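A.B. asks: Residue numbers (the numbering used here), protein chains in the order written: chain B, 1 to 220; chain H, 1001 to 1263.
Think of the hints as simulated: they come from the structure by calculation, not from any bench.
Keep in mind that the hints are not guaranteed to be accurate.
Derived pair list, reagent style DSBU-like, types lysine-lysine, alpha-carbon separation capped at 30 Å [to be verified]:
(1) K1007(H) - K29(B)
(2) K164(B) - K140(B)
(3) K1201(H) - K1223(H)
(4) K1007(H) - K164(B)
(5) K29(B) - K1201(H)
(6) K29(B) - K1223(H)
Stretch by stretch, here's where chain B covers chain H in the computed footprint (C-beta under 8 Å, at least three residues) [unchecked claim]:
(7) 1086–1095
(8) 1101–1114
The structure displayed is predicted, hence computed values, not measured ones.
Glycine is no exception: its CB is placed at the ideal position from the N, C-alpha and C atoms.
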Amino acid sequence: MSQTLNASPHSLREAFYALSVAQDIPDAKLLDDVVRRYPEFGEELTEFAIALAVDALRGERVTEAAEAALDPSVVSPAVSRAISHFQNRLHAVTVGVHAAETKPATAASADAPNPFAALPRQEFRALAERLNANAVFVGKLRDRQIDPRTMTPGFQRRIAEELKAPLEVMVAHFAASQSAPARQFFKAESKPSAGGQQTFEEAVRSCGLTEVQQQALLEL
Amino acid sequence: MAQPLTKTEPDGTLYRRPAAVEAQVDEAVQLKLPELRRRLLVVDRDDATFLRSECLVHLLRRGRRAGDQALMSAVLPVLLSRCEANLLVTVPDGRMPDAASLRQDILDELTELIVLDGSGPNPDELDFYECRFNRAFRALRIDGVRRAARRSKEIVDVAALPPSEAKGEPDAYEDAFARVSDAFKVFPTQEWDVFREPFLKAIEALPADERDAVILVHVLGYKEESEDPDEETAATRCNCTGRTIRNRLTRAAGKLARFKEDL
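Okay, chain B solo, but in the shape it has when bound (with noise of 0.2 Å):
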């Protein structure tokens, strides 16, 4: 069963909502009143529906226990990098509205929100694993390296889906103007400038990718 590529993941994901919240085991009358209400995803939600169905399986009594034996006053270093995420998610949203507000509508286009910009260096080296590319080909993608007009719009909705950010965000991240990195000391003279941007293929071929990373990115 394959994955609707077009489809909004927020439309899809309400629809999977919709499936989970309702029972706890769901039954073809449910299934089908779903996939009447989103009908293009009727793949996605008959695959869902059986994952639910497996799932109950485990039954709650098991995770109900997991629960229970927590000790609530240690934090795990998983919750703790979810909380520090957090944090920096808020900072990353709290500052692009205040942003937002105080800037006159002709703000240059670099204001856009930089959705990297708030990813520790552990996350976001992870994306650079779930996309089978690298740091060096992320870090173009943060820096505005690359031409948004030679991205393909599948690539753009992976990094979106990726990034857990809405399509128009990283669109407009991408279509932003580069800026200069934004550190207080820099070893040259003068303080750097923004270069030129790369095609996407350029980019894909100059980052040290295997020859199957290049193409599966450039498939995208």
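With chain B's structure known, arrange chain H on it following the hints.
C.D. replies: Same frame as chain B, now just chain H:
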């Protein structure tokens, strides 16, 4: 007073929290921070002071709207710890190539919903979590697993089942699937607990097309096929013929036959 939800059912009625959640939210929003922190330490669901996850989501949304860092900092670790405990059971190491990263992604995704609450194309997504937290979270989890599996395009840890002695025989077919259907009706019992893990593994180990056929027919209750072209069946859901569905069921029956006496 809890802020009303804004998400609507297909018929246009607003989503409503279950009465017990509503009552607890009304009580929890009145708590001073020290008392709230004390209540957050309660992990026994049967304790009257235990705060449900639905209630924690409400408090987080409240904190997010008000920019109340102290409230968010008190509640978020507790909710995330519960979710992590759930994920350690449902997405255990070995099930996926990088289960730890996947669990982290799912936790991060939940925090993302809180950050983006009230904005974007789905501003009231957390309404689901205030109504039925566990069911909403399983949707997030299964979607995460689904996307990860699509990315990796590989399935690991497919348990090899012993060869069945009853492969393809009609009686074995009926017996095995009667047990499958029963399993979904009786699984909350202690008797079921004994067979839960091996049965789950056996179902998960079936080839995807066979597993889909079994679940669609014997759990969701679809007919294998129908003469009515407008009727949805297992065959229409899988885009194949009724005969293909029956073949898949027969093959699956052989693999599940070892459970026919046990369940």
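A.B. asks: With reference to the structure, classify each hint as holding or not holding.
C.D. replies: Okay, the hints, checked on the actual structure:
1. With a C-alpha separation of about 22 Å, the suggested pair K1007(H) and K29(B) falls inside the 30 Å cut-off, and the hint holds.
2. This hinted pair checks out: K164(B) and K140(B) have alpha carbons roughly 19 Å apart, not beyond 30 Å.
3. Between the alpha carbons of K1201(H) and K1223(H) the distance comes to roughly 25 Å, so the proposed pair stays at or under 30 Å and holds.
4. The straight-line distance between the Cα atoms of K1007(H) and K164(B) is roughly 21 Å, inside the 30 Å bound, and the hint therefore holds.
5. For a cut-off of 30 Å, the pair hint linking K29(B) to K1201(H) stands: about 27 Å separates their Cα positions.
6. The suggested pairing of K29(B) with K1223(H) holds, with an alpha-carbon distance near 12 Å, which does not exceed 30 Å.
7. With 4 residues bearing a CB less than 8 Å from a CB of chain B, the stretch 1086–1095 of chain H meets the requirement of three and the coverage assertion stands.
8. Here the stretch 1101–1114 of chain H counts 11 residues with a CB under 8 Å from a CB of chain B, which clears the bar of 3, and the coverage holds.
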